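J.: Spelled out, the chains give:
There are 2 protein chains.
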Amino acid sequence: MENWEVRSRPIRLERRFEFDRYEETRDFLDRLGELSESLKRFPDISFGVKYVNLTLRPDSEDEDVELSENDYKFAAQIDELLQ
Amino acid sequence: MENWEVRSRPIRLERRFEFDRYEETRDFLDRLGELSESLKRFPDISFGVKYVNLTLRPDSEDEDVELSENDYKFAAQIDELLQ
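Line by line, the protein sequences give chains A and B.
At position 75 of the first sequence (counting the first as 1) the number is 75 in my numbering, and the numbers step up by one without a gap.
At position 64 of the second sequence (counting the first as 1) the number is 64 in my numbering, and the numbers step up by one without a gap.
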């Protein structure tokens with residue numbers, strides 16, 4: 001998937017978003033919060049004034065589980081928040 | 001300073017906050033956002049459903065600068081958000 005990196009141990013999808021201004025960062029985070037609440041899916045998020053790093057893990061307790069179509073769909077929905 | 005750890009290279013203050021529910025995490029982050037905007041100081045933040053990790057760096061571009069009274073005061077103001 002474009003823009004997202006698949007990392008292992010544990011398996012996860014990661015993407016870094018960069019913004020020109022704090023207001024844009026905040027706006028993106030607000031929309032991401034709404035999306036997360038509506039889907040009941042919460043990525044791990046790191047952010048500062050002008051960046052947001054996201055980590056999506058498979059929706060399972062099992063550390064050996066693979067990424068599913070649902071995980072990629074969630075990533076695509078996050079990408080759409082930028083538009 | 002209680003609860004906060006001083007780390008070096010680069011010098012910084014770190015604290016982990018844990019919460020019982022997502023709503024508490026979100027509420028803390030909202031209040032932290034308001035405090036940051038009012039002070040124009042933005043820590044680096046990592047969070048998930050039930051935790052928030054904060055990193056405060058000295059308010060300076062210089063990597064060798066020490067933590068100042070202002071940095072500790074900011075940390076104390078963040079702690080007050082929990083009450």
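These are computed hints drawn from the structure, not numbers from a lab.
Treat each hint with caution, since some may be false.
Unchecked claim - Listed next, the in silico EDC-like pairs over lysine to aspartate or glutamate satisfying Cα-Cα at most 16 Å (straight line):
(1) B:Lys50 x B:Asp20
(2) B:Lys73 x B:Glu14
(3) B:Lys50 x A:Glu37
(4) A:Lys50 x B:Asp44
(5) A:Lys40 x A:Asp30
(6) A:Lys73 x A:Glu5
(7) A:Lys40 x B:Glu23
(8) A:Lys50 x B:Glu37
(9) A:Lys50 x A:Glu37
(10) B:Lys50 x B:Glu18
(11) B:Lys50 x A:Asp44
(12) A:Lys40 x A:Asp27
(13) A:Lys50 x A:Asp20
(14) B:Lys40 x B:Asp30
(15) A:Lys50 x A:Glu34
(16) B:Lys50 x B:Asp30
(17) A:Lys73 x A:Glu2
(18) B:Lys40 x A:Glu23
Claimed, not checked - Which residues of chain A face chain B? A partial, calculated answer using Cβ under 7 Å:
(19) Glu5
(20) Leu35
(21) Leu39
(22) Phe42
(23) Ser46
(24) Tyr51
(25) Pro58
Being a predicted model, the structure only gives us computed values, none of them experimental.
Cβ coordinates follow ideal geometry from the N, Cα and C atoms, glycine included.
J.: With reference to the structure, classify each hint as holding or not holding.
T.: Hint check:
{"no.": "1", "hint": "B:Lys50 x B:Asp20", "result": "holds (6 Å)"}
{"no.": "2", "hint": "B:Lys73 x B:Glu14", "result": "holds (14 Å)"}
{"no.": "3", "hint": "B:Lys50 x A:Glu37", "result": "holds (14 Å)"}
{"no.": "4", "hint": "A:Lys50 x B:Asp44", "result": "holds (10 Å)"}
{"no.": "5", "hint": "A:Lys40 x A:Asp30", "result": "holds (15 Å)"}
{"no.": "6", "hint": "A:Lys73 x A:Glu5", "result": "holds (14 Å)"}
{"no.": "7", "hint": "A:Lys40 x B:Glu23", "result": "holds (12 Å)"}
{"no.": "8", "hint": "A:Lys50 x B:Glu37", "result": "holds (14 Å)"}
{"no.": "9", "hint": "A:Lys50 x A:Glu37", "result": "violated (23 Å)"}
{"no.": "10", "hint": "B:Lys50 x B:Glu18", "result": "holds (6 Å)"}
{"no.": "11", "hint": "B:Lys50 x A:Asp44", "result": "holds (10 Å)"}
{"no.": "12", "hint": "A:Lys40 x A:Asp27", "result": "violated (20 Å)"}
{"no.": "13", "hint": "A:Lys50 x A:Asp20", "result": "holds (6 Å)"}
{"no.": "14", "hint": "B:Lys40 x B:Asp30", "result": "holds (15 Å)"}
{"no.": "15", "hint": "A:Lys50 x A:Glu34", "result": "violated (20 Å)"}
{"no.": "16", "hint": "B:Lys50 x B:Asp30", "result": "holds (14 Å)"}
{"no.": "17", "hint": "A:Lys73 x A:Glu2", "result": "holds (12 Å)"}
{"no.": "18", "hint": "B:Lys40 x A:Glu23", "result": "holds (12 Å)"}
{"no.": "19", "hint": "Glu5", "result": "violated (18 Å)"}
{"no.": "20", "hint": "Leu35", "result": "violated (13 Å)"}
{"no.": "21", "hint": "Leu39", "result": "violated (13 Å)"}
{"no.": "22", "hint": "Phe42", "result": "holds (5 Å)"}
{"no.": "23", "hint": "Ser46", "result": "holds (4 Å)"}
{"no.": "24", "hint": "Tyr51", "result": "violated (9 Å)"}
{"no.": "25", "hint": "Pro58", "result": "violated (15 Å)"}
Going through the hint list in order, the structure does not satisfy hints 9, 12, 15, 19, 20, 21, 24 and 25.
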